[in-house]
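Given chain A's structure and the hints, the job is docking chains B, C and D onto it.
There are 4 protein chains.
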Amino acid sequence: MNHKKRLKVVVIGGGSSYTPELVEGLIKRRHELPIKDLYLVDIESGREKLEIVGALAKRMVEKAGADIRIHLTMDRAEAIRDADFVTTQLRVGQLEARGRDERIPLKYNRIGQETTGAGGFAKALRTIPVILDICKEMEQLAPDAYLLNFTNPAGIVTEAALKYSKIRTIGLCNLPIGIKMQIGEFYGVEASRVDIEMIGINHLNWTTRILIDGVDVSESFLDKAAGAKGLTMKNISDLEWDGQFLQSLGALPCSYHRYFYMKDAMLAEQLEDLETQGTRADVVKQVEAELFELYKDPNLAIKPPQLEQRGGAYYSEVAVNLMTSIYNNKKDIQTVNVRNNGIIPFLPDEVSVEVNSIIDADGAHPIQLGKQVGPEIRGLLQLVKAYEELTVEAAVHGDLKAALQALTIHPLVGDAEIAQSILNDILEQNREYLPQFQS
Amino acid sequence: MNHKKRLKVVVIGGGSSYTPELVEGLIKRRHELPIKDLYLVDIESGREKLEIVGALAKRMVEKAGADIRIHLTMDRAEAIRDADFVTTQLRVGQLEARGRDERIPLKYNRIGQETTGAGGFAKALRTIPVILDICKEMEQLAPDAYLLNFTNPAGIVTEAALKYSKIRTIGLCNLPIGIKMQIGEFYGVEASRVDIEMIGINHLNWTTRILIDGVDVSESFLDKAAGAKGLTMKNISDLEWDGQFLQSLGALPCSYHRYFYMKDAMLAEQLEDLETQGTRADVVKQVEAELFELYKDPNLAIKPPQLEQRGGAYYSEVAVNLMTSIYNNKKDIQTVNVRNNGIIPFLPDEVSVEVNSIIDADGAHPIQLGKQVGPEIRGLLQLVKAYEELTVEAAVHGDLKAALQALTIHPLVGDAEIAQSILNDILEQNREYLPQFQS
Amino acid sequence: MNHKKRLKVVVIGGGSSYTPELVEGLIKRRHELPIKDLYLVDIESGREKLEIVGALAKRMVEKAGADIRIHLTMDRAEAIRDADFVTTQLRVGQLEARGRDERIPLKYNRIGQETTGAGGFAKALRTIPVILDICKEMEQLAPDAYLLNFTNPAGIVTEAALKYSKIRTIGLCNLPIGIKMQIGEFYGVEASRVDIEMIGINHLNWTTRILIDGVDVSESFLDKAAGAKGLTMKNISDLEWDGQFLQSLGALPCSYHRYFYMKDAMLAEQLEDLETQGTRADVVKQVEAELFELYKDPNLAIKPPQLEQRGGAYYSEVAVNLMTSIYNNKKDIQTVNVRNNGIIPFLPDEVSVEVNSIIDADGAHPIQLGKQVGPEIRGLLQLVKAYEELTVEAAVHGDLKAALQALTIHPLVGDAEIAQSILNDILEQNREYLPQFQS
Amino acid sequence: MNHKKRLKVVVIGGGSSYTPELVEGLIKRRHELPIKDLYLVDIESGREKLEIVGALAKRMVEKAGADIRIHLTMDRAEAIRDADFVTTQLRVGQLEARGRDERIPLKYNRIGQETTGAGGFAKALRTIPVILDICKEMEQLAPDAYLLNFTNPAGIVTEAALKYSKIRTIGLCNLPIGIKMQIGEFYGVEASRVDIEMIGINHLNWTTRILIDGVDVSESFLDKAAGAKGLTMKNISDLEWDGQFLQSLGALPCSYHRYFYMKDAMLAEQLEDLETQGTRADVVKQVEAELFELYKDPNLAIKPPQLEQRGGAYYSEVAVNLMTSIYNNKKDIQTVNVRNNGIIPFLPDEVSVEVNSIIDADGAHPIQLGKQVGPEIRGLLQLVKAYEELTVEAAVHGDLKAALQALTIHPLVGDAEIAQSILNDILEQNREYLPQFQS
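Residue numbers (this note's numbering), protein chains in the order written: chain A, 159 to 597; chain B, 159 to 597; chain C, 159 to 597; chain D, 159 to 597.
Bound-form chain A, shown alone:
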């Protein structure tokens, strides 16, 4: 990437409530990352939100005196043409679809979650065709651009793009940086002094090494982490990790691991929540409505602090860090989703993994893992990755066999009959978003 030129950045799903966070980050770092044009793209049904968010973005830019032109458009191809970075934060089917994703599994006594299990599977089926369409447009109109994919399930969606397109795609998530931040807080040191090594895939990622100023504190950390509050994401129940369990695992699980390691308790909680407050989608819908009310205020010209409740902490930082390091050939280390290619030796080469990588003008280059893991991590990771591979095949080819097997083997389903019932419900309730299965 020629680091002299000023950039064209495209945000697909630009009408998202997260956009002000991203805009704030772009403004802050504009001297390192000189954006000329920022395209916020959305679809017709999202026009209203796009206009609200877009107006706020323009006010933010103006107030900051930043020389960034904001463009609002429904013409995705036009936006993509000659872009340098395309980021995706779209949500096919909106929160209504998410609500269905969360409810269907619960009907069969299975965890209902947006990004993993049967819920994440449904989201992948809806999302992958759209992402591959974007890739195709990029191949035509911006073949050298980077696709920075934030759209969940980010690991699966990124894997689909890596397997079925030549566009340089990097999958992003705020979870790794979040863990680093939390560990910094935990030790009372700045995050910049913390290094962590993760092994795994998006939302199923074990932190195997923790270093403060380059000194390995992993072992003592596990003692301390047992029972500690705070080591989780905003949107996931903050159940404590049992000390003996952490010791036996020898690594810090991520917050989404609760669905796997505390399956019974998490399911019980979800079923109870369903009765009392509805699904997480219902909660988020409320939060979003309130945010958009705020965004409409013509006097608002900064990111409103309430956005931080929404769950996307560090989202902007992750996106801007990555673009900045690519643009400036920085060669710093970030944890991103890339093609495995042997870095996790017990997973296939062509799948996506989430690991520490050097970021330079040429993209993301994974770093060899410093710590090997045992069967306790290997086995679960292999199974969930197998589920992901099947999900990619199901989503790309409309392959019902792969779909049924994907759900059957997922640890949060784990039964062929239940898998078939859930699959039937998903196909039925998402008909309009699943063209690949219509034939």
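Be aware that a few hints might be false.
Heads up, the list lumps identical chains together, so a pair's fine if it works in one copy or across two of them.
[Stated by the list, open to error] Quick list of in silico lysine-lysine cross-link-like pairs, DSSO-like style, CA-CA up to 27 Å:
id	residue 1	residue 2
1	K488	K186
2	K163	K294
3	K529	K488
4	K186	K489
Bear in mind the hints are in silico, worked out from the structure with no lab data behind them.
Leaving out everything else, chains B, C and D in the frame of chain A:
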């Protein structure tokens, strides 16, 4: 192995109700497999059964006019000295322990099964120390003998012997030959005309190819197998396989797969059975009592036909086939448990797998798989093998961390808190059989 | 393969002087391998030889009273239509081309050999396009037939067919059976009592295990083999192996290994022979001329004993063994060239290797190696296989870059400038046989 | 590594003529790398040189006003105690031994070179026992220190330390940085703007990617590099690379590749030089003598410019860069020799490779290769690595079998009989330095 000499064969757990089946097989094939001395070994608490079974064995040999000397002994070392083949069919803790293995998981709403899940895990913990003791004695007293391990969980126990002893160990199970027989019946042809290729591990083994007279009929078979009765073991509920599921899997699962693919229905059935008839151990106890009553009859000098109800069909055939092929350097194909060494490329080299192998005087040599499998089989196999590796470590070293992780990741447990509770119960209820955890 | 039907067998290069050997074998084994039609195919310029050999073949069949119809034809496609087995023993460019292959490298002080080094490389360039043409015809006219490739360099030619055609191809060579025979003679036992395990590729194959009646005698063999005469092929100088060298290698090299391990002495011998008697091609030309004189004799109706001097001992046995085992679903062990697929773990999956395999109606299935080898074998094997992979690419695509690199890295060339000179000469002198390089 | 403390650095072979270069570097970078004590260690026979060099070092430090204490000692253990970094630049047997290493192979018409081929092999046999002794002392006296090994053959020596000691060892060479510098000059840009990716092992390293300011210019570079002078090391003949050859290789070979790719020409040159000027050792001996004369000058207090003729350009920079990045947890990229562990997927895990790595307080962490290589590079690399593995075994265990096989398969020997003769000469002429072979 010098095929001129007459053989010394040792049966550890010789007081088992299965022994008459083995003796019958040895008598039938004595011209190919000239046994001079057959040692039936048991422990003091099994003396009565050993004497009953041993007396029957002597009557059988005499009636057949076979020149085989039967020895009954509690002195295991003496039996092992200079042996050619040592077979193990022991059951540490007898059926009482099995009953506990089946009940503990059910208490936590988990499948309670003798060889897989938490039940099989408990059995492995009890059994592996005894098998490794036998290996040590063999290293001293019969270093060139083969250990033919039938003791369940046969894959895990064999893996422990392969990893922690230099004795040439081959793990055996009657399931593969049973599938071949069933397919023969299914097609109305003799089993000798049927060839099958399996991928997997003991009791988790997918039949990926079926050939009749060398012609591949795999695809048409899957159509026909859907809903067919009879494709299961005597001791496993005969739930039908769904046709769409079989097609999506692209292989014939083994009967134990019902615990994985039909988990909910199997659990419901087990919980109902528990109320009405007790565990499978309770049923077997009754059958065994009846068998021993029969065995006592001084006029009985053949294997009584009632033994075939017991569930160990082909057990004798499997054992005798293997010994015969080794002794005669036959180079025929049998499906046995051996060190993987790359045959299943996505499993570690040093684990046990159950695959087609050439049997010759030098042992068992796996044959390259002719059909590759996809993530649907790979993922589940990798996870369960990871569980098995952890179980071996737990059993050999009394490693509580490995034990907790083994149970946590097993698909039939799948929750760390439940795993801890089950583990506590297992350790508590098996105290006398788990010396490796007393320290 | 339906073992009831009578077979159609096609011999491409049917006018070869070896054909009577094959015909003799087919007559002998006709009760196991019921051939109805035997097609001997050749090209126009070989018509005379074909007619001489064909007439002899007909007399042989008649004399034996065998019900085999011999067909002589220049219409390859017609011969291939509906065939069951197609064997190739063709020689593109005849012995004249071989003579050039042997002379060119000698000009640059490099070993000149028919099947390895620069000579084998030239032969591969000429042969592979013809073999792939045959494959294409088979895909159209006999898609289920087996291609049994004898044409040298057999490993490289087979690899090309395996990579670039879906026809089931097995590469054959008489070297493995020859080693088995020699070891039998060496020990004074019948070859049927000898088992050997090889690791390697065609004409670069180490015998790592030797068993007599299933008993491993490998170690004592190496002591005895040092300095022994007779462990070589007819066409290769019978230099003795040094005892210390054999011990340090821990395996028996094949006769072609002399070009690698005794490079200086072999080159000196070749250069001397060149002055005194010409190349090996010149010698063979003389032998062939004499053979064809014999074949013309209308009273000759058996394979003349002089053919055995020609160097192709066991050639017929190898071909007939393979066809018989496929036809009868025999499941016996033969050493053939097949796709690696992990059997030699340090070579790529998709290359050809020469290893023990089970032969059944479904083809050849490699058996896991019982002995691992060290860097001394691994390194040389990897390098020569890399050369072979490059040669396949050069031959299939007319790729000059691959061609130059192939020759450069071959241990019998090992210099880029020399490689370029040799390559220029090869392209120049084989212009009419290398259509893939004309563009 | 605690980056607050001041450091103790040990230079084994401190009497080397290179030492002033290192001292200069340490002085320049002292604000980043605060050394308190610098130990120059040598053996008794090197006392005079050590005292000359040490006196110069002290004058240099004093003149620069640097707060570094220089210690001269023959007590290696005392020097090592509590060290932070130990660097090795020793030469067992001095230049006399090097001269013999260069002459022996030439006697048999083989390349005689200090670090590769039979010469490098001899040097490895002498050096590895000394390095492993140093490792043992470090395990006792400075177990957390880093061993930075410069001693040639650096890849083999480092591999021995990685395999047979737990000391954290990193192998260093000035060749990678030299290539980067040359490419910078070639393009007329500062080296800091150049990134290169190498695949290979020490002194057999292909530059597969070249980026200027993060932009990949690899393809155009190869066009331009053909025939260019300057892309070599001081001590290696500057023969030009042929353009077609470079294109066919698709990578820039390193200067030592001339021994492999231009074997005939290089050998001819060596044989001619031997007649006219002696071996390279003879030349170096003269240069060294002159340098030490300069060093003696009590008025000299800087590194004399004549040292740059010696061939060790950037040596100091490489050493100081590495220490600085470890001390400051810098996470920058350097090309060093480390355990492979899958980074070069076709080499064993446990061997040393020379690849781009992140350097931080925890050591060197290889980065995934961005470009895969074909058989042309793979095959040669695998063979030479196999030679290196055998050499390590020979050197550590005094294993004559491994020694003979190592030399036999090395492309610069390639004949068993010659290998045996060379080996005999090496053992004979190095008797006093090869205790591992005396038994």
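Hint by hint, here is what the structure shows:
{"no.": "1", "hint": "K488 / K186", "verdict": "both (18 Å within a copy, 25 Å between copies)"}
{"no.": "2", "hint": "K163 / K294", "verdict": "within (25 Å within a copy, 53 Å between copies)"}
{"no.": "3", "hint": "K529 / K488", "verdict": "both (25 Å within a copy, 20 Å between copies)"}
{"no.": "4", "hint": "K186 / K489", "verdict": "both (21 Å within a copy, 25 Å between copies)"}
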